[in-house]
Amino acid sequence: MKTLFLLCGDVGCRGYESRQVYDKFLELKADWFDIKFTGCQGLCANGPILQVKPGDIFYQKVKSSDVFEILEKTQKNELVERLLYTDSETKKRYIRTDQVPFYKKQTKIILRTNGLINPKSIDDYIAMGGYAGLKKALTLQPENIVDEILKSGLRGRGGGGFPAGRKWEDVFNAFETPKYIICNGDEGDPGAFMDRSLMEGTPHVVLEGMTIAAFAVGSNEGFIYVRDEYPIAVRNLQKGIHDARKKGLLGENIFGSGFQFDIKIKRGAGAFVCGESSALMRSIEGKIGEPHEKHIHASEQGLWGKPTLLNNVETYANVPYIILNGAKNYKKMGTVDSPGTKVFSLVGKVRNAGLIEVEMGTTLREIIFEIGGGIVKNRPFKAVQTGGPSGGCIPSEYLDLPVDFDSLKAVGSIMGSGGMIVMDDCDCMVEVARYFTKFLMEESCGKCAPCREGLVQVYRILEGITQGRGSLEDLRKLKELGEYIASSSLCGLGRSAPNPLLSTLRYFEDEYIDHIKNKYCVAGVCKVLTKFEINIVKCTKCGLCFKACPVDAIKILDDGCYKIIEENCIRCGECRSACTFNAIRW
Amino acid sequence: MLDRNNDNSSEEVIQALQDIQSLQGYISRENLKEISRNLGIAYSYTYAIATFYKTFSLKERGKYLIKVCDGTACHLKSSENIVDEINSYLGIRNGETTSDQMFTLEQVNCLGACAMAPVVSINEKIYGNLTRKKIRNIIDMLRGKK
Ligand SMILES: Cc1cc2nc3c(=O)[nH]c(=O)nc-3n(C[C@H](O)[C@H](O)[C@H](O)COP(=O)(O)O)c2cc1C
Ligand code: SF4
Ligand code: FES
Numbered sequence: 002m003k004t005l006f007l008l009c010g011d012v013g014c015r016g017y018e019s020r021q022v023y024d025k026f027l028e029l030k031a032d033w034f035d036i037k038f039t040g041c042q043g044l045c046a047n048g049p050i051l052q053v054k055p056g057d058i059f060y061q062k063v064k065s066s067d068v069f070e071i072l073e074k075t076q077k078n079e080l081v082e083r084l085l086y087t088d089s090e091t092k093k094r095y096i097r098t099d100q101v102p103f104y105k106k107q108t109k110i111i112l113r114t115n116g117l118i119n120p121k122s123i124d125d126y127i128a129m130g131g132y133a134g135l136k137k138a139l140t141l142q143p144e145n146i147v148d149e150i151l152k153s154g155l156r157g158r159g160g161g162g163f164p165a166g167r168k169w170e171d172v173f174n175a176f177e178t179p180k181y182i183i184c185n186g187d188e189g190d191p192g193a194f195m196d197r198s199l200m201e202g203t204p205h206v207v208l209e210g211m212t213i214a215a216f217a218v219g220s221n222e223g224f225i226y227v228r229d230e231y232p233i234a235v236r237n238l239q240k241g242i243h244d245a246r247k248k249g250l251l252g253e254n255i256f257g258s259g260f261q262f263d264i265k266i267k268r269g270a271g272a273f274v275c276g277e278s279s280a281l282m283r284s285i286e287g288k289i290g291e292p293h294e295k296h297i298h299a300s301e302q303g304l305w306g307k308p309t310l311l312n313n314v315e316t317y318a319n320v321p322y323i324i325l326n327g328a329k330n331y332k333k334m335g336t337v338d339s340p341g342t343k344v345f346s347l348v349g350k351v352r353n354a355g356l357i358e359v360e361m362g363t364t365l366r367e368i369i370f371e372i373g374g375g376i377v378k379n380r381p382f383k384a385v386q387t388g389g390p391s392g393g394c395i396p397s398e399y400l401d402l403p404v405d406f407d408s409l410k411a412v413g414s415i416m417g418s419g420g421m422i423v424m425d426d427c428d429c430m431v432e433v434a435r436y437f438t439k440f441l442m443e444e445s446c447g448k449c450a451p452c453r454e455g456l457v458q459v460y461r462i463l464e465g466i467t468q469g470r471g472s473l474e475d476l477r478k479l480k481e482l483g484e485y486i487a488s489s490s491l492c493g494l495g496r497s498a499p500n501p502l503l504s505t506l507r508y509f510e511d512e513y514i515d516h517i518k519n520k521y522c523v524a525g526v527c528k529v530l531t532k533f534e535i536n537i538v539k540c541t542k543c544g545l546c547f548k549a550c551p552v553d554a555i556k557i558l559d560d561g562c563y564k565i566i567e568e569n570c571i572r573c574g575e576c577r578s579a580c581t582f583n584a585i586r587w
Numbered sequence: 003m004l005d006r007n008n009d010n011s012s013e014e015v016i017q018a019l020q021d022i023q024s025l026q027g028y029i030s031r032e033n034l035k036e037i038s039r040n041l042g043i044a045y046s047y048t049y050a051i052a053t054f055y056k057t058f059s060l061k062e063r064g065k066y067l068i069k070v071c072d073g074t075a076c077h078l079k080s081s082e083n084i085v086d087e088i089n090s091y092l093g094i095r096n097g098e099t100t101s102d103q104m105f106t107l108e109q110v111n112c113l114g115a116c117a118m119a120p121v122v123s124i125n126e127k128i129y130g131n132l133t134r135k136k137i138r139n140i141i142d143m144l145r146g147k148k
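Residue numbers (the working numbering), protein chains in the order written: chain A, 2 to 587; chain B, 3 to 148.
Isolated chain A, as found in the complex (with noise of 0.2 Å):
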């Protein structure tokens, strides 16, 4: 059997520089191995990541120069001891992937195939047992495929958690045709790239969700919209439907079964808006993408007044896997109201950044601090940040929450599409409010007045706050205007754009009183009520600070110590970045 080395050539570790390092493997081919470039394989971290099969060898920041070594010592069956993973305090190595701790707590069904497969193959993908899904609902009634996925309880991994069996049941009983179906991948949360990397890692999960979907509630025609930002998963999903069409698994005559099915791709072009479902089917049909009222459900009048399915990539993603292995094996992960598993993407403050998929149900302290392998520099956790603008900020006490739909909801915040922002001392909450109202506030499509209006009233207040103008009365304002807008809004960004606001003013309302009554930003964040100066006691005179800050505020004094010239300093915080003995203090 011929060794086979997988490399992720995902963005995270092409930054990394992991083409270059493909490169070198091509430079050097040889007939007992095969190199292949895949998708995210999850630790973006530590990039660019390499797996060697068979054995399951895990090296990680692996770098072109490596490549000679790691070829000459795979083949005398040794291993390059220093690109494995090393726990960072216990300094143990680990060698076989599933042992490192980033993904003995995984459950992979979504990214089964994600980072062990060329996304451009098909060929790689159905060895792997893909379109077996297809294949097996092609012989089943369509009636039975809608009972299938309501009974698995599968929930919409786009937001809201709407069970996906109830719209399927609702277009598969609608009268008229054409139906449509739609897949949305316009992931607008800023700081998450799930359906990114499962768009560009396996593609072919998303197109045989969607074709048994169509198969179930009886449409013949497809949309994928895909954010604008993600031109390479626009390429890998037309590489996909061309191959698939190829080879009779879309197009007329799917698998032989008489039944006709295809896919187009629509790039969406910049608006936040449009990932909500009414103002993407309006810019599908080239319109302007505004929300509209929902009198009338999608499952009835949806594009082009049509009866139309519209799903998260992950909710298509899942429909393979619960039509092969049936409802009451999926419900067995997860729990009872959340079953299955969710992909997140785990950034910000945390070790491990990077791509995960874990079951309903597990803890935040799981992800944050198993998986995770906890907070950068070892400062202390503050908050995690789920569900993207339309979330809100957790703090410490849950953190032994179960992650589900429910209990998300319950403390003020949103499963949403899986982004996940660990914060630590360093990140300032009011400061995080007043980023998400100004992000809301421009992607506002300005339809209706609570929603255009209301969040710069509470942007200029939120700014005010951040700038040592505040008052108390400002908190009051903030509170009345919050439910104002959640109240009275048209869409879902309006109704739960108050949701950073409100989570941080629940939780953290002591740093907003710091802010207006001792001019004080706990986190060393807002530039006019911070100032930094350095420990002497943790500092070991290293230099990195003097290296780092950018207009030279950092002198040495004769006794070789560093000190911050006050005039001088921008208070960008760069040198408290660069420290790695937490030896700047504010």
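There's no promise every hint is true.
As the list claims (entries may be wrong) - Straight line, CA to CA, 25 Å or less: simulated DSS-like cross-link-like pairs of lysine-lysine: (1) LYS106/A - LYS93/A; (2) LYS62/A - LYS135/B; (3) LYS62/A - LYS35/B; (4) LYS564/A - LYS135/B; (5) LYS30/A - LYS109/A; (6) LYS137/A - LYS54/A; (7) LYS240/A - LYS61/B; (8) LYS136/B - LYS528/A; (9) LYS378/A - LYS105/A; (10) LYS532/A - LYS135/B; (11) LYS136/B - LYS548/A; (12) LYS295/A - LYS248/A; (13) LYS542/A - LYS135/B; (14) LYS532/A - LYS518/A; (15) LYS478/A - LYS62/A; (16) LYS121/A - LYS106/A; (17) LYS136/A - LYS105/A; (18) LYS288/A - LYS35/B.
Claimed, not checked - Derived DEER-like restraints, expressed as beta-carbon distance ranges: (19) LYS564/A - ASP86/B: 50 to 60 Å; (20) LYS105/A - ASN131/B: 25 to 35 Å; (21) ASN330/A - ASP142/B: 16 to 26 Å; (22) SER66/A - THR100/B: 34 to 44 Å; (23) ASP86/B - ASP124/A: 21 to 31 Å; (24) ARG95/B - GLY544/A: 48 to 58 Å; (25) ASP99/A - LEU60/B: 48 to 58 Å; (26) LEU141/A - MET143/B: 51 to 61 Å; (27) ARG366/A - ASP142/B: 20 to 30 Å.
Stated by the list, open to error - Just so you have them, the derived chain B footprint on chain A, three or more residues with Cβ under 8 Å: (28) 9-19; (29) 72-86; (30) 224-231; (31) 268-278; (32) 349-360.
It is worth saying that the hints were derived from the structure and are not from the lab. Quick caveat, the model's predicted, so the values are computed rather than measured. In this text, a Cβ means the ideal position worked out from N, Cα and C, and glycines have one as well.
Position chain B with the ligands against the provided structure of chain A, taking the given hints into account.
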């Protein structure tokens, strides 16, 4: 009710704008008129679409398009510093182009490489874990290449 067949000229408009933009980097007034004429739709409609969707630039861009990510992960890792540095080093703000037509600065939401925040992309190439000094060096390097 909307009928797709009477309406498919507008379906094409976003695609047409995207094609032009990827070809020449921006969309000129002439392009807008031409698209409207070809698809048989009003100029005002094409204009409205081109201004509603943020992807479209109606201004010519420089040789290097610097997209600074201000997604959540990058924002928390001080993407503001990177924008600030470009502001002062190149004298351009969000959406502006240097007078020598070399650099355009655009702030965007998430480039999908959040694990290496803060991130910028320059003509689609990703640079991660940036600091003020690093972005200055990258700009110098690109300048040197001309
Ligand atoms: C402002 C706004 C933005 C949204 N953005 C997305 C998105 O980027 N991706 C997505 O799948 N759903 C998004 N949604 C949710 C969609 O409207 C829709 O509920 C979802 O795509 C349905 O699929 P699901 O049931 O499989 O989750 C957004 C909703 C709102 C209100
Ligand atoms: S709530 Fe905001 S985004 Fe939604 S329709 Fe109203 S103005 Fe537009
Ligand atoms: S937040 Fe910057 S790349 Fe995602």
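Now for the hints, and whether the structure bears them out:
Proposed proximity of LYS106/A and LYS93/A is supported: the alpha carbons are some 18 Å apart, at most 25 Å. A C-alpha spacing of about 23 Å is found between LYS62/A and LYS135/B, which places the hinted pair at or below 25 Å, so the restraint holds. Proximity of LYS62/A to LYS35/B is assessed by CA-CA distance (about 51 Å); at most 25 Å being required, the pair is judged violated. A distance of roughly 20 Å separates the Cα atoms of LYS564/A and LYS135/B; the hinted pair therefore holds under the 25 Å criterion.
The hinted pair formed by LYS30/A and LYS109/A fails the criterion: a straight-line CA distance of about 31 Å is larger than 25 Å. Among the hinted pairs, LYS137/A with LYS54/A is inconsistent with the structure: their alpha-carbon atoms are about 30 Å apart, more than 25 Å. Using a Cα cut-off of 25 Å, the hinted pair LYS240/A and LYS61/B is violated, with the two alpha carbons roughly 32 Å apart. A threshold of 25 Å between alpha carbons decides the hint, and for LYS136/B with LYS528/A the separation of about 22 Å falls inside it, so the pair holds.
Under the criterion of a C-alpha separation no larger than 25 Å, the hint pairing LYS378/A with LYS105/A is consistent with the structure, at around 23 Å. Taken as a hint, the LYS532/A and LYS135/B pair is honoured in the structure, with Cα atoms around 22 Å apart against an allowance of 25 Å. A threshold of 25 Å between alpha carbons decides the hint, and for LYS136/B with LYS548/A the separation of about 12 Å falls inside it, so the pair holds. Taking the CA atoms of LYS295/A and LYS248/A, the gap is about 39 Å. The hint is violated against a cut of 25 Å.
Of the supplied pair hints, the one linking LYS542/A and LYS135/B holds, its CA atoms being roughly 21 Å apart against a limit of 25 Å. Restraint check for LYS532/A and LYS518/A: satisfied, since their Cα atoms lie roughly 17 Å apart, inside the 25 Å limit. Between LYS478/A and LYS62/A the alpha-carbon distance is near 50 Å, which puts this suggested pair outside the 25 Å criterion. For the hint linking LYS121/A to LYS106/A, the alpha-carbon distance of about 29 Å lies beyond 25 Å, and the restraint is violated.
Pair hint LYS136/A plus LYS105/A does not hold up; C-alpha atoms about 32 Å apart against a cutoff of 25 Å. A distance of roughly 17 Å separates the Cα atoms of LYS288/A and LYS35/B; the hinted pair therefore holds under the 25 Å criterion. Our hint of 50 to 60 Å for LYS564/A and ASP86/B is violated, since their Cβ atoms are close to 23 Å apart. Roughly 26 Å separates the CB atoms of LYS105/A and ASN131/B, a value that falls within the hinted 25 to 35 Å.
Separated by about 58 Å at the C-beta atoms, ASN330/A and ASP142/B break the suggested range of 16 to 26 Å. In this structure the hint that SER66/A and THR100/B lie 34 to 44 Å apart at CB holds, the actual value being about 36 Å. The hinted range of 21 to 31 Å is not satisfied by ASP86/B and ASP124/A, whose Cβ atoms lie roughly 49 Å apart. About 34 Å separates the C-beta atoms of ARG95/B and GLY544/A, a value inconsistent with the hinted range of 48 to 58 Å.
Under the hint 48 to 58 Å, the C-beta atoms of ASP99/A and LEU60/B, about 52 Å apart, fit the expected range. Separation of LEU141/A from MET143/B is about 59 Å and conforms to the stated range, judged on CB atoms against 51 to 61 Å. Remark: the range hint 20 to 30 Å for ARG366/A to ASP142/B is contradicted by a beta-carbon distance near 45 Å. Counting residues of the stretch 9-19 of chain A whose C-beta sits closer than 8 Å to any C-beta of chain B gives 5, which meets the bar of three, so the coverage hint holds.
Here the stretch 72-86 of chain A counts 0 residues with a CB under 8 Å from a CB of chain B, which misses the bar of 3, and the coverage is violated. Requiring three or more residues with a Cβ within less than 8 Å of a Cβ of chain B, the coverage given for the stretch 224-231 of chain A holds, as 3 such residues are present. Counting residues of the stretch 268-278 of chain A whose CB lies closer than 8 Å to any CB of chain B gives 6, so the stated coverage by that chain holds, three being the minimum. Taking a C-beta to C-beta cut-off of 8 Å, the stretch 349-360 of chain A contributes 4 residues in contact with chain B, enough for the three needed, and the coverage statement holds.
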